[in-house]
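Numbering (the UniProt record's numbering), first residue to last: 1 to 785.
A portion of the hints provided could be inaccurate.
Computed spacing ranges between beta-carbons, pair by pair [what the hints assert, rightly or not]:
id : residue 1 : residue 2 : range
1  : E286      : P750      : 57 to 63 Å
2  : K528      : A373      : 33 to 39 Å
3  : P235      : G669      : 34 to 40 Å
4  : T331      : G669      : 18 to 24 Å
5  : E462      : E33       : 24 to 30 Å
6  : R34       : S79       : 27 to 33 Å
7  : D18       : T331      : 54 to 60 Å
8  : R34       : E694      : 38 to 44 Å
9  : A387      : T24       : 49 to 55 Å
10 : E673      : T397      : 36 to 42 Å
11 : E33       : E694      : 52 to 58 Å
Simulated from the structure, these hints should not be mistaken for lab results. All C-beta atoms, glycine included, are put in the ideal place defined by N, C-alpha and C.
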Amino acid sequence: MLYGRLDDLRAQASNRLDASLRATGGTPQARSERETTIRMYTDQLAHLSAVENGLCFGRLDFEAGERRYIGRIGVFEESGDYEPLLIDWRAPAARPFYLATAASPEGVTRRRHIRTRSRTVVGLDDEVLDLTAVKAGAHEEVTGEAALLAALDARRTGRMQDIVETIQAEQDRVIRAEPGGVLVVQGGPGTGKTAVALHRVAYLLYTYRQQLSTRVVLVVGPNETFLRYISQVLPSLAETGVLLGTVGDLYPGVTARRAESAEAAEIKGRLEMTDVLAAAIRDRQEVPDNDIDITIEGDTLRLDRAICEDARAAARKSGKLHNLARPIFDTEVIHALSLQLAEKIGTDPYADDPLGGDDAPGDPQVLSEADLAEIRRELREEPELKAALDWMWPILTPQKLLRDLYASDERLATAAPALTSDERALLRREPAGGWTPADVPLLDEAAELLGEDDRPINALAEKRRRERIAYAEGALEILSGSASLDFEDDAESEILAATDLLEAERLADRHDEELRLTPAERAAADRKWAFGHVVVDEAQELSPMAWRLLMRRCPNRSMTVVGDVAQTGDLGGTTSWEQALEPYVDHRWRLEELTVNYRTPAEIMAVGGGVLAGIDPSLQPPRSVRHSGVDPWGLRVEPAQLDECLVEAVLREAAEVADGRIGVIVPAGHEYELGRVVTKAVPDAAIGEQPDLERRVVVLTVRQAKGLEFDSVIVVEPARIVAESTRGYRDLYVALTRATQRLGVLHTAPLPAGLDGLRPLTDGLRPLTDGLRPLTTEAASPANF
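All chains should be built: construct the whole structure from the sequences, respecting the hints.
Right under this line is the structure:
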């Protein structure tokens with residue numbers, strides 16, 4: 001019945017969309033309303049299609065006999081009182097599904113979890129919260145956390161799934177928190193931080209849609225791999241208008257994917273770079289060491305240092321940003337040169353001397369103000385002077401400023417005297433090669449300091465508008481001429497023609513092509529867009545400059561910050577939320593902690609806990625809710641045997657997890673070397689900067705693995721992972737806690753401290769099967785439930 005109602009809603013939306021698309025003509029207001037209607041029904045169809053799978057997943061039975069079905073969206077009767085047939089999981093009426101317990105049942109006698117495959121029910125799990133209230137003969141089996149454990153034990157697919165069916169009480173509290181201010185969600189591995197943050201986005205859009213749908217919600221992730229991993233969660237929750245991106249995507253027109261050293265990225269992330277950029281801009285406001293002679297129609301004008309220094313001082317004193325102060329600089333220089341030229345051509349040599357004589361200083365000026373204005377206009381068009389002005393006070397883009405800064409030892413030394421020579425050498429690079437993610441906050445800061453000179457854009461827009469008007473005038477002239485040929489007398493003078501009702505300017509405006517963009521698309525293209533809410537995942541990795549950029553994007557400070565300071569790996573990251581946030585919000589931020597580990601089995605978390613204790617003894621690992629029954633294994637091999645043993649380990653784990661996913665986490669710089677070894681045995685294994693997470697086996701670095709999960713994980717050479725960075729133990733902690741079922745460690749060097757809990761492999765690594773079994777859909781069929 002519910003799916004039939006969903007089909008009806010889809011058909012209604014599709015018919016209304018078709019009708020809107022067929023409509024043509026009308027006033028500008030009517031066309032605008034039609035565009036709005038088309039966008040509304042397009043979004044509605046997308047929402048209704050997104051909830052096809054798992055439309056209804058729960059039922060609540062109450063003491064008074066009431067039943068409520070819980071699902072991904074709200075569905076109501078078509079007529080009558082429009083009673084709810086299905087309650088949206090975000091509605092207050094659905095909250096007992098997540099909060100009711102035997103100790104506090106909230107009137108609920110039974111909570112039912114419904115598992116479906118397509119439109120077929122394949123499983124039920126009941127939690128009886130009040131045994132005395134259950135009717136005789138009713139199903140009385142208490143399954144407790146059956147639905148949750150079933151979801152946790154399910155094989156990974158390479159994409160994050162929503163947790164709407166299994167949200168726990170501590171997660172629900174975070175999801176439904178008020179949107180104002182900065183909410184920090186701190187949680188260790190496996191606590192569901194990312195899933196909670198995404199479900200919070202869906203909840204906020206449901207509750208505050210009018211405010212947030214036009215201002216847009218931004219979700220910031222650590223890398224492209226992570227964004228692809230989470231990309232299906234919000235659409236499955238019927239939310240398709242959210243903008244996802246990395247810090248490297250937050251400068252329109254720039255895609256920052258260039259690699260650089262961790263040390264260089266750390267330098268760029270320091271707040272001191274704001275002073276470096278300001279100094280780099282001042283360094284571009286130059287004055288000549290020697291006088292510049294400019295010849296204008298045979299007259300030589302002298303542009304000396306004093307004139308340029310006075311002009312520079314006037315431009316700086318105005319308080320305007322660099323690009324916006326350029327007209328002031330130009331005006332001062334041109335004014336001084338116009339007076340020079342006026343002295344040469346505009347004095348009266350015969351005013352005091354009846355015998356005549358040459359012009360001399362102090363002779364009366366005969367040029368009018370209009371003449372002087374014309375001189376200044378002509379000076380502005382002189383190529384020689386324009387070139388001199390462009391050199392002394394250039395109009396700069398952020399890209400040009402940074403490229404020129406990085407490419408010059410001299411400019412770096414002038415702008416960054418506080419950096420050591422070695423630090424400046426890390427910043428030094430040639431212009432070609434693109435931008436790094438750490439460059440994007442600097443580009444954004446440079447844009448703020450330079451100011452945007454919109455005169456060229458406005459001039460181009462005005463030019464195109466005048467071209468459209470000229471074209472419209474020509475069309476109307478042709479129309480008028482054609483009409484006059486149809487009449488042989490003056491009868492046409494009494495008949496209204498198009499030219500009597502429509503001016504060329506209005507006709508041109510009607511044919512102006514306006515780009516129709518969604519709010520999210522407009523936000524992505526606008527550097528100054530103020531987002532309604534910002535979610536930052538793996539937030540502990542953000543540098544101070546990246547925080548500065550995000551706070552600029554979110555002036556209302558409505559943010560959800562998700563992370564774990566124990567997992568900070570980037571040198572520019574933070575180990576203290578106070579350190580990251582208080583420069584912007586002082587003490588006006590709230591902390592929520594997730595303490596239960598749903599992903600990582602207790603056996604694996606015990607190994608990770610040993611490493612965590614070495615990082616900071618005061619940190620406590622999250623409590624795992626389940627045991628896998630499999631102890632993590634470790635095997636030391638000879639360096640010459642590493643490749644062969646890695647292949648055998650992959651094949652062994654593939655046999656153990658059947659159709660599950662295997663992550664091979666390797667030291668940075670070795671992913672291609674070891675990846676080639678794996679792909680020889682497993683041709684469809686994924687490696688590279690943006691690996692396909694839906695492959696059976698994925699070889700990746702710790703940085704790429706952040707926020708991801710696999711059924712089985714093999715960590716290769718943990719000692720090298722530790723040695724790669726001053727925060728290497730935090731990286732190792734991340735690597736060890738990516739698995740949902742099994743963990744293995746393969747190494748040639750002694751193990752780092754804290755890995756004493758690994759089970760030695762006494763039977764070696766003989767593969768349990770002769771290869772990887774290909775993925776099939778058979779294992780997922782309803783018959784296997």
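Each hint, compared with the structure:
1. For E286 paired with P750, a C-beta distance near 58 Å keeps the hint of 57 to 63 Å intact.
2. For K528 paired with A373, a C-beta distance near 36 Å keeps the hint of 33 to 39 Å intact.
3. The beta-carbon spacing between P235 and G669, approximately 36 Å, falls within the hinted interval of 34 to 40 Å.
4. T331 and G669 have their C-beta atoms about 55 Å apart, which leaves the hinted 18 to 24 Å range violated.
5. For E462 and E33, the hinted distance range of 24 to 30 Å is satisfied, since their beta carbons lie about 29 Å from each other.
6. The hinted range of 27 to 33 Å is satisfied by R34 and S79, whose Cβ atoms lie roughly 29 Å apart.
7. Separated by about 59 Å at the C-beta atoms, D18 and T331 satisfy the suggested range of 54 to 60 Å.
8. Roughly 40 Å separates the CB atoms of R34 and E694, a value that falls within the hinted 38 to 44 Å.
9. The hint said 49 to 55 Å for the Cβ distance between A387 and T24, and at roughly 53 Å that hint holds.
10. In this structure the supplied range 36 to 42 Å holds for E673 paired with T397, their Cβ-Cβ distance being about 39 Å.
11. Under the hint 52 to 58 Å, the C-beta atoms of E33 and E694, about 42 Å apart, miss the expected range.
Of the numbered hints stated above, those contradicted by the structure are hints 4, 11, listed in ascending order.
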